[in-house]
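**Student:** Read off the chains here:
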Amino acid sequence: MPKVPDEMQLLVDKHVRYIQSLDTRKDELEYWLTEHLRLNGLYWGLTALHLLRHADALPRKELLDFVFSCLHESGGFGAAPGHDAHMLYTVSGVQLLATLDAFDDLEARVQGGRQKIGKFIAGLQDPQTGTFAGDEWGEQDTRFLYGALNALSLMGLLHLVDVDKAVQHVHACANFDGGYGTSPGAESHSGQVFTCLGALTIAGRLDLVDQEKLGAWLSERQLKNGGLNGRPEKKEDVCYSWWVMSSMAMLDRLHWIDGDKLTSFILQCQDPELGGLADRPGDMVDVFHTVFGIAGLSLLKYPGLDEVDPVYCMPRSVTRRCLGK
Amino acid sequence: MVSAGPGRAKLQLLSYETLSQYFQAHEDEVVEIEILPPAIEPLGGILMQDGLNLGVPKKTLALAYVEARHRFFEGMHDSKLASSALQATKVMLLFDPEHLTAANFRKGWLGALEAEFKSYNPAVYHKALRQELCFLNSILTSPLHRQSKSPTLWYHRLWLLDLLASVELEKASEDQKATFWRAELTAVCKSGEQHPKNYYAWQYARRLMPKIVSPETNDEFARHVKDWCCRHPSDISGWSFLLSLLPRLHPVSKRQGLVRDILSYAINLRLEHESLWVFIRTILAQETLLGGRTEFDETLQNYNDDLGNAKKASAVSERVPRTLNWINTYREAIAVPKN
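As you go down the protein sequences, you meet chains A and B in turn.
Numbering that gives the first Met the number 0 numbers the first residue of the first sequence as 0 and each following residue consecutively.
Numbering that gives the first Met the number 0 numbers the first residue of the second sequence as 0 and each following residue consecutively.
Next up, chain A with everything else stripped away, as it sits in the complex (with noise of 0.2 Å):
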């Protein structure tokens, strides 16, 4: 258990009223700012609500409704009711669903919809060169490659697609630096080290990796604060405590960090007044950096959270359910 001054506890309840409070804020401008990413921010806050053992804090019902009003034919998700369908919004419906645990509901209201999604998703890979894009506009990332293995595997239907070929592609992301990209050839990113490393386990091909090079590269993004940034020389940010922390738990080296200096460091950037947490000691919260910091000090065994699974940003006993393991 990590050390802590006694002042600097997790403040559950009030980052679990900020979380409730979020869909009643229609009159503030952030509100309308991050409409585009409406989808995501139900999955970041349900997941963090499940970490911090609230899970029944949202209304379940009202959140399934929401989630099918975002549905397509086409089998694709978009961010609100309106928006067009995208596959970083369709992973997050397909997480939401799973962490609902309502793929049941999901054929109630929709016919073969779990094989519609998976089709949706399986007809963006590039079958010549193994990744994914976004949409139906050709946008091509490793975060959408990595987004497909996680939703279709949450779904059982990873043989829809050509995992071989994702994983020769992911393959040829890793550069010299060790550390991964976008794209073969791209600048080296956390965020992107998180999405490679992630669909490699989820194909079971983890020992394509340099682990100890690679490794090398993420103990280098510890400041002196404690905190973690992406990238060098970009300041520390809470969200790396999940990008960063989440690929030494798959590469087994959680210890490559100090652990006690970066758990005081997500604890200070917690808003005591309102709850939530922000990138930074100070700055202003989100529902995106207080999930990735919570989900970071699960990892780090901070007391009272349930265990997050690394691979996937969700609850652990939610990935045991859908994955049988």
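These are calculated hints, taken from the structure and not from any lab test.
It is possible that part of the hints are untrue.
[Said to hold, decoys possible] With a straight-line cut-off of 30 Å between C-alpha atoms, the simulated BS3-like cross-links for lysine-lysine are: (1) Lys-225(B) with Lys-212(A); (2) Lys-311(B) with Lys-260(A); (3) Lys-106(B) with Lys-57(B); (4) Lys-260(A) with Lys-300(A); (5) Lys-58(B) with Lys-189(B); (6) Lys-58(B) with Lys-25(A); (7) Lys-311(B) with Lys-234(A); (8) Lys-300(A) with Lys-13(A); (9) Lys-212(A) with Lys-234(A); (10) Lys-57(B) with Lys-189(B); (11) Lys-225(B) with Lys-234(A); (12) Lys-189(B) with Lys-234(A); (13) Lys-106(B) with Lys-118(A); (14) Lys-234(A) with Lys-57(B); (15) Lys-106(B) with Lys-115(A); (16) Lys-9(B) with Lys-25(A); (17) Lys-210(B) with Lys-189(B); (18) Lys-253(B) with Lys-212(A); (19) Lys-164(A) with Lys-210(B); (20) Lys-253(B) with Lys-225(B); (21) Lys-115(A) with Lys-164(A); (22) Lys-234(A) with Lys-58(B); (23) Lys-223(A) with Lys-311(B); (24) Lys-324(A) with Lys-115(A); (25) Lys-25(A) with Lys-57(B); (26) Lys-13(A) with Lys-25(A); (27) Lys-189(B) with Lys-106(B); (28) Lys-106(B) with Lys-126(B); (29) Lys-310(B) with Lys-223(A).
[To be verified] Distance ranges between label pairs, derived from CB positions: (30) Lys-13(A) with Ser-316(B): 41 to 49 Å; (31) Lys-118(A) with Arg-292(B): 52 to 60 Å; (32) Lys-260(A) with Glu-31(B): 35 to 43 Å; (33) Pro-58(A) with Gln-23(B): 42 to 50 Å; (34) Ala-314(B) with Pro-80(A): 47 to 55 Å; (35) Ala-38(B) with Arg-16(A): 29 to 37 Å; (36) Ser-313(B) with Pro-302(A): 35 to 43 Å.
Heads up, the beta-carbon is just placed ideally off N, CA and C, and yes, glycines get one too.
Since chain A is already given, all that's left is putting chain B on it; use the hints.
**Tutor:** Positioned in the frame of chain A, the structure of chain B alone reads:
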């Protein structure tokens, strides 16, 4: 914000129309847009305009966005309102550059224009493509923190560039082609200054490279980016892009020359920036790229010895031995053929 009274509704409309008209009036020019801090209030309260410079109070932008969003969702599936929806997407993307649906709507419109006009009235289509590039330049290279690094907008630009290249480059001279690509690099560098370590701007630059066939343009890019990086030594995205350009330089002596310049620059100025040293260690460990073992190892070792002899420890005196250590650990040596 949404449950607006009549006063608010009027202001919303006024904000939208003023901003929208500004875009309309300057659709053939690149403008520089800045979000004004709350302390600065423009006369008349809506916008601060000075030719191609536009200052927008955050409140104006937010009000305009609400109106734009309303017009967009009202018009996106109604052919009679499509031009109103299209106009609205500019304000939407200025406020929320990750509004994927708004960016896609613009792609759909350009696609339809291509089908309708490309062969029958190509000038109309070409003009629309150029105006789209002006709009993107305005948003991506203005001092707008979130906008200049938007993955959605940079991808939109890449998508647009393929259309533009197919119109402009087919019969272009080598000089015209060089000018075309140079303009893209200029936009990336400017955006990289507005938002340092701009991942998506430099990724865009990387994605241009397979489209560029001229060795002269490759060389020019490498020279230009090297100079840019030396002016921004903590910019890991710039250095990382430069690293990706090296294999494009032929013969190998060009790569060596570039690395030699950077190493002397780092040593002469005693720079300690992590990004610069990551570049140095990554390239020096790749002998295959440098055509074999070079004099650089010795240069670096000598520098390390000098630093070790110095009385005062500094950030550099930690950086250099760690760099050497990394190189020795991960060196990818050229296999020497056995006789």
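**Student:** All hints, please: hold or fail.
**Tutor:** Going down the list of hints, with the structure as the test:
1. Lys-225(B) with Lys-212(A): Status holds; Cα separation ~27 Å.
2. Lys-311(B) with Lys-260(A): 29 Å, holds
3. Lys-106(B) with Lys-57(B): Measuring from Cα to Cα gives roughly 27 Å; hence the hint holds.
4. Lys-260(A) with Lys-300(A): 14 Å, holds
5. Lys-58(B) with Lys-189(B): 27 Å, holds
6. Lys-58(B) with Lys-25(A): 16 Å, holds
7. Lys-311(B) with Lys-234(A): 28 Å, holds
8. Lys-300(A) with Lys-13(A): Cα-Cα ~20 Å, so holds.
9. Lys-212(A) with Lys-234(A): With a Cα-Cα distance of about 22 Å, the restraint between Lys-212(A) and Lys-234(A) holds, given a limit of 30 Å.
10. Lys-57(B) with Lys-189(B): 23 Å, holds
11. Lys-225(B) with Lys-234(A): 24 Å, holds
12. Lys-189(B) with Lys-234(A): 21 Å, holds
13. Lys-106(B) with Lys-118(A): The given pair, whose Cα atoms are some 24 Å apart, holds under the 30 Å limit.
14. Lys-234(A) with Lys-57(B): 26 Å, holds
15. Lys-106(B) with Lys-115(A): 26 Å, holds
16. Lys-9(B) with Lys-25(A): With a Cα-Cα distance of about 20 Å, the restraint between Lys-9(B) and Lys-25(A) holds, given a limit of 30 Å.
17. Lys-210(B) with Lys-189(B): Holds, at about 21 Å.
18. Lys-253(B) with Lys-212(A): Distance ~29 Å between Lys-253(B) and Lys-212(A) Cα, so the pair holds.
19. Lys-164(A) with Lys-210(B): Holds - the C-alpha atoms of Lys-210(B) and Lys-164(A) are around 24 Å apart, at most 30 Å.
20. Lys-253(B) with Lys-225(B): 12 Å, holds
21. Lys-115(A) with Lys-164(A): Cα-Cα ~22 Å, so holds.
22. Lys-234(A) with Lys-58(B): Holds. Lys-234(A) to Lys-58(B) sits at ~29 Å (cutoff 30 Å).
23. Lys-223(A) with Lys-311(B): Cα-Cα ~21 Å, so holds.
24. Lys-324(A) with Lys-115(A): 25 Å, holds
25. Lys-25(A) with Lys-57(B): With Cα atoms ~17 Å apart, Lys-25(A) and Lys-57(B) stay inside 30 Å; holds.
26. Lys-13(A) with Lys-25(A): Satisfied, since the Cα-Cα distance of roughly 20 Å is no more than 30 Å.
27. Lys-189(B) with Lys-106(B): 24 Å, holds
28. Lys-106(B) with Lys-126(B): 15 Å, holds
29. Lys-310(B) with Lys-223(A): 25 Å, holds
30. Lys-13(A) with Ser-316(B): 41 to 49 Å: 46 Å, holds
31. Lys-118(A) with Arg-292(B): 52 to 60 Å: At 53 Å between Cβs, range holds.
32. Lys-260(A) with Glu-31(B): 35 to 43 Å: Holds, since Lys-260(A) and Glu-31(B) (Cβ atoms, about 42 Å apart) stay within the stated range.
33. Pro-58(A) with Gln-23(B): 42 to 50 Å: For Gln-23(B) against Pro-58(A), whose Cβ atoms are near 45 Å apart, the range 42 to 50 Å holds.
34. Ala-314(B) with Pro-80(A): 47 to 55 Å: Given range 47 to 55 Å: holds, Cβ gap about 53 Å.
35. Ala-38(B) with Arg-16(A): 29 to 37 Å: 33 Å, holds
36. Ser-313(B) with Pro-302(A): 35 to 43 Å: 42 Å, holds
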